[in-house]
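Build the full structure now, drawing on both the sequences and the hints.
Listed below, chain by chain, are the residues.
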Amino acid sequence: MTVVAKVWIDEDCITCDACQDICPEVFEVNDESSQILAAVRVDGKFDRNVGGSPLSGTLGADLGDIILEAAEACPVEVIKFELVTEGGEETVVAAEAPVEATTESIAAVPAAGASEALTAVLGGDRALNILFGSQTGNAAGLAEKTAKMAANYGLEAKVVDMEGLDPVKLASMKRVMIITSTWGEGEMPDNADAMWTSINANGPALANTHFTICAIGDSSYDEFCKAGHDWNGKLASLGGHEAFPIKECDVDFEPPWQEWVVEALPLLACVDDSGTLQVELLEEMKAYGSDDDDDIVEGDFAPGILAQEDINITLEIFRYCPEASESGWDTLACAVPGHATVQDLLITMQREVDGSLAFRRGSSAGTPTTGVRVNGRVVLADLAMVGDLAQEGGRVRIEPLPGHPVVRDLIVDTGRFESHRSRAEPWMRTDPREGQTLPSGAAMGTVDSAVATALHQAGDVLSFQLIQAMSDTLAHDTHYEGPGVHFQQWLRILDPRTGESQRRSMLNSLQEKDGVWSETDHASLIRQGEDGRLAARSLNEARSALLNQSRYSGKSGRLVKWYGRSVKWTGNVNETTLYRQVLGPLGLVSNVFSGVSARMALAFTRNGSPPLRGLQGLLFPPSGVGRIPKMFNSKVDEYHEVVSLFNEIDQRF
Amino acid sequence: MAKMAYYPGNVARAGAFEVEDTIQPMCRALNIQLIELPRASSDGGNVIKQATPKLQDALVARNLALAEEKGLDIITACASSHAIMCNTIDDMKRDPVYANTINNLIARTSSLEFKGESRSHHLLHYLVEHVGLDAVRDAVKNPLNMKVAAYYGPDMQRQGACGRDDPFMPNYMEQLIIALGGTPVDYDSKCASVGSTSMLTLEDSSLAMTAAVLSDAIQSGADLVVSACTVSHINLDSYQSKAGRQSGKNTTVPVCHMTELIAFALGYFPDRFAQLKTRVRLIGS
Chain P
67 MTVVAKVWID EDCITCDACQ DICPEVFEVN DESSQILAAV RVDGKFDRNV
117 GGSPLSGTLG ADLGDIILEA AEACPVEVIK FELVTEGGEE TVVAAEAPVE
167 ATTESIAAVP AAGASEALTA VLGGDRALNI LFGSQTGNAA GLAEKTAKMA
217 ANYGLEAKVV DMEGLDPVKL ASMKRVMIIT STWGEGEMPD NADAMWTSIN
267 ANGPALANTH FTICAIGDSS YDEFCKAGHD WNGKLASLGG HEAFPIKECD
317 VDFEPPWQEW VVEALPLLAC VDDSGTLQVE LLEEMKAYGS DDDDDIVEGD
367 FAPGILAQED INITLEIFRY CPEASESGWD TLACAVPGHA TVQDLLITMQ
417 REVDGSLAFR RGSSAGTPTT GVRVNGRVVL ADLAMVGDLA QEGGRVRIEP
467 LPGHPVVRDL IVDTGRFESH RSRAEPWMRT DPREGQTLPS GAAMGTVDSA
517 VATALHQAGD VLSFQLIQAM SDTLAHDTHY EGPGVHFQQW LRILDPRTGE
567 SQRRSMLNSL QEKDGVWSET DHASLIRQGE DGRLAARSLN EARSALLNQS
617 RYSGKSGRLV KWYGRSVKWT GNVNETTLYR QVLGPLGLVS NVFSGVSARM
667 ALAFTRNGSP PLRGLQGLLF PPSGVGRIPK MFNSKVDEYH EVVSLFNEID
717 QRF
Chain U
48 MAKMAYYPGN VARAGAFEVE DTIQPMCRAL NIQLIELPRA SSDGGNVIKQ
98 ATPKLQDALV ARNLALAEEK GLDIITACAS SHAIMCNTID DMKRDPVYAN
148 TINNLIARTS SLEFKGESRS HHLLHYLVEH VGLDAVRDAV KNPLNMKVAA
198 YYGPDMQRQG ACGRDDPFMP NYMEQLIIAL GGTPVDYDSK CASVGSTSML
248 TLEDSSLAMT AAVLSDAIQS GADLVVSACT VSHINLDSYQ SKAGRQSGKN
298 TTVPVCHMTE LIAFALGYFP DRFAQLKTRV RLIGS
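Same order as they appear, the protein sequences are chains P and U. Each residue of the first sequence is one higher than the one before, counting from 67 in the working numbering. Each residue of the second sequence is one higher than the one before, counting from 48 in the working numbering.
Some hints could be false.
Within a straight-line C-alpha distance of at most 20 Å, the following computed SDA-like cross-link-like pairs (lysine to any residue) qualify [what the hints assert, rightly or not]:
#: 1; chain 1: P; residue 1: Lys701; chain 2: U; residue 2: Ile82
#: 2; chain 1: P; residue 1: Lys701; chain 2: U; residue 2: Lys50
#: 3; chain 1: U; residue 1: Lys296; chain 2: P; residue 2: Asp543
Everything labelled a hint here was simulated from the structure, so no lab data went into it.
If you want it as structure tokens, here you go:
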């Protein structure tokens, strides 16, 4: 279990909401930056927590893993945190550069029967420096894993961010592992750039340094793993000793990294106190590293994924090249395991067929930003399984998430959603409740557990971006803010901690022209499954509340009012009344001139049904004001039962 | 002959008489006896729901209870009505307390109870799954001989409301078109919404959505669009020209109801079928 002592947000947050989606208990994103919620902090403030106020109570333990998940998902890596070690000491991870994270210091205790030579090596200086050059966090993640494994060999590993590291310090390091990605066309990742420039200008002599490199890259690029090779050549040219050959890792980097780390770690562990590599101890060191006296419960603790049979599919992937403004489809017949996710398919496609395929990756646990449309369904690529989307011999058609402009292939620009969300301000601004305040004196809203549970259930969806993409209307109305935004606003309105002025402001916003009435058809949401159903239900609740507030004004209000009255008085819907009352006389005239009325009345398009019957619908007594006319369509039998139903449930009609 | 309680929906006996004209003979020809529910009311059309979901559910439950009283399932030719009935049945099944509330209301006002035994069927699903396409094929007198694009709409294309058809890549109507002697045309927008419930309040969006569906069908080579939803048909047909002018897209294509197409192929209303064929020829594909 991970225990986080404190968490804070660096500058340059892009307000993408990923952290809030993953861990809303800690993070809340406003229009400037992600913030750390007051409720989880000892100082009770609501800001980025650059002062480093610790997490209160047991929250660091309760939410540790999910905070780390949010940090890993942050595309610009501005979420910083400190971990608590078992001894209670705080360990800085991903903090200000250079970052040095020390794994638990484990005294190297030679196993019984170990040779004197091994005992001597293990008794000396055991420092290992693991440097990472990382653009997206992959290399940093591998460095963390490597550090944990190093303890098995009695090594005291430090994870070091290359950002700001003085290369002169390398000369004093006996054991160095570098894990670096390559960015762009063979460039150093941003955090290694300065150090690379510095070491080229003034490189130290590395006669006592043993090193090995793990290079991450993408073989679809010409300069595959160039940054790693550059470091390898540079350290060797400065007199460093290459303890283990450089390992190249392609986009599926974990397996080759695993091969590298199990060989390189015991080798570096054989470097003694004087800086000499005692290769003859390698086999004994490996045995020492694999020796573990602890009783370990064996078994498969992986999440329960039911392996499914391979199915044969025709895979179709949408492609778009912005440079050439060309789009099309890649089609491939293949057999895949039914339990493979859509993301697995895309990764395999990228690795084995076309390295230029662009898509957003997730953590395989339902990452909110990995949305795509597969066979018409709006899904998260790292969660949806192929077997649930297609049958044997079927088609798997993968398209970008609808409702957003396409940047490249399956990557969409969610800027419109973000800007609508930013304007809608669905984040919390609390009001004091019964005098409740935080220790800092700031206002604090309160919510009891039953309401909190209901709120959680009402908004328990995978991703608001997916909800946004479910709307069929959004693509045809560029001003419409969208159901994903309005759903969040409504949930905030329901929250009793929300301040009254914010509640009023958001209700007004929902009622405005591009608000909650702009969705033409909730059916497009409901059909997408439980998340869409939840969203549609909430949006309908919002409409009910707004009808009460606005007293059925506007076109939407009039439609509901007159539809209801029409049904109440006859049991049937009277279209003439609706057209007359909702559109008004001018609207009716507009329909006459636009040809709509003619098409309705003259039955030209009705394949020869008698025109008079169509005319009846328009010409029989025009609706009066305030009193429904006698209709040519008759009342249903026992229509008083319908009237009673209305009177029992809703007497507003 | 199978007996089914008939629910016409909100427009079949108001603005879309052609559905009422054609569903009766075609059902007789396919051995389906439609039983009237004279006390059945409007289902609220997802409009009343916006004010009071409970009221819409009570109206729907009352209609279902009327069918249940006769020991019958309901059949309808309107996708929207079918989806509304399925939604109410789902909501009552999910929440027995809510179901009890609704039943108390219809018991007090109409002396009825909906036990959940009667189900709703859309005509399309009933024909494919219960009548069988072979029986339909055998009854055809005038094969369609046209390229037909099927429009399903989004309402009933969800799990639990579309029979055993795929909610997102349906093909029941395409199978039916083949059985009727036509050639189905596949196109992406067949389940997209045309905003039918909002045509009076959000005309611009609804027209744009309507134009997108029609132009997609036309580009795929359709001579004719057939709609499984009587409400959406208003957008696709009556608002067709207006949608075309607003969007600048080609939207000119004959549109007919599913019941019309079946009735024509089964030999009913040959004069209307002839008129439709003439329009197809005049407009072209």
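Are there hints from earlier that the structure breaks, and if so, what are their numbers? When the structure is compared with the hints, only number 2 turns out to be violated.
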